[in-house]
Amino acid sequence: MDEQERAGNGAHGNQRPGIGARVEHISSSAQQVWTEARGVASDLKEAVDLDRRMEEHPYAMLGAAAAVGYILGGGLLTSMTGTLIRLGLKVAALPWIKDELWILAGNAVASFGSRPSSSSSSEAASPGTGASTR
Amino acid sequence: MESTQQLQEKAREIQERLGPQIEEAKRGLSDLNTRIKTFVRERPGVCLLGALALGFVVGRIASRR
Chain A
1 MDEQERAGNG
11 AHGNQRPGIG
21 ARVEHISSSA
31 QQVWTEARGV
41 ASDLKEAVDL
51 DRRMEEHPYA
61 MLGAAAAVGY
71 ILGGGLLTSM
81 TGTLIRLGLK
91 VAALPWIKDE
101 LWILAGNAVA
111 SFGSRPSSSS
121 SSEAASPGTG
131 ASTR
Chain B
1001 MESTQQLQEK
1011 AREIQERLGP
1021 QIEEAKRGLS
1031 DLNTRIKTFV
1041 RERPGVCLLG
1051 ALALGFVVGR
1061 IASRR
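Protein chains in written order, with the numbering used here: chain A, 1 to 134; chain B, 1001 to 1065.
Any given hint could turn out to be false.
Below are the DSS-like pairs computed for lysine-lysine, each with C-alpha atoms no more than 30 Å apart in a straight line [as the list claims (entries may be wrong)]:
#	chain 1	residue 1	chain 2	residue 2
1	B	Lys1037	B	Lys1026
2	B	Lys1010	A	Lys98
3	A	Lys98	B	Lys1026
4	B	Lys1010	A	Lys45
5	A	Lys90	B	Lys1026
6	B	Lys1037	A	Lys45
7	B	Lys1010	B	Lys1026
8	A	Lys90	B	Lys1037
These aren't lab readings, by the way, just hints derived from the structure by calculation.
Construct the entire structure; sequences and hints are all you get.
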């Protein structure tokens, strides 16, 4: 049995390591853990890249943070969640609805502007052809 | 024919009346957007924590109902 083994079960051996050696051992272990934790934190920070994401999509990040807070606050399984989801869907559909309305308005204006002149000219030329062109 | 001209006149009048106000509102919103983005980019941690806290409070209020 070597000295290190005897030091491991200090209750039976005669040669116990000193308090100083133990403290040093614990200190070096703690330092190693701290270094590894810092490395992991740095890797995580690099992987998430929060600064760049905040730079590129500030509103999305704020919304995500608020959503995480909402879930942590216990609001997930409430009626308000349904209301918020419905509201979100409506807001998301707004651009599409706007585009459709613009197209409808454009078509309406185009037909409204072209109707009197074309109908009057076609009626003047031949009354029967006006209905076939519509 | 006359009603078409009247409608066009009316539309032009409305456009002339509301155009500057809409432009002003657009400019104001754009300015506000820029200021908010600048603020968030300068203090990302504070803004994220604030949003998290706000969401937490809203979630807490919603769960109590």
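Hint by hint, here is what the structure shows:
no.: 1; hint: Lys1037(B) / Lys1026(B); verdict: holds (16 Å)
no.: 2; hint: Lys1010(B) / Lys98(A); verdict: holds (23 Å)
no.: 3; hint: Lys98(A) / Lys1026(B); verdict: holds (17 Å)
no.: 4; hint: Lys1010(B) / Lys45(A); verdict: violated (59 Å)
no.: 5; hint: Lys90(A) / Lys1026(B); verdict: holds (22 Å)
no.: 6; hint: Lys1037(B) / Lys45(A); verdict: holds (22 Å)
no.: 7; hint: Lys1010(B) / Lys1026(B); verdict: holds (23 Å)
no.: 8; hint: Lys90(A) / Lys1037(B); verdict: holds (24 Å)
Comparing the model with each earlier hint shows a violation of hint 4 alone; every other hint is respected.
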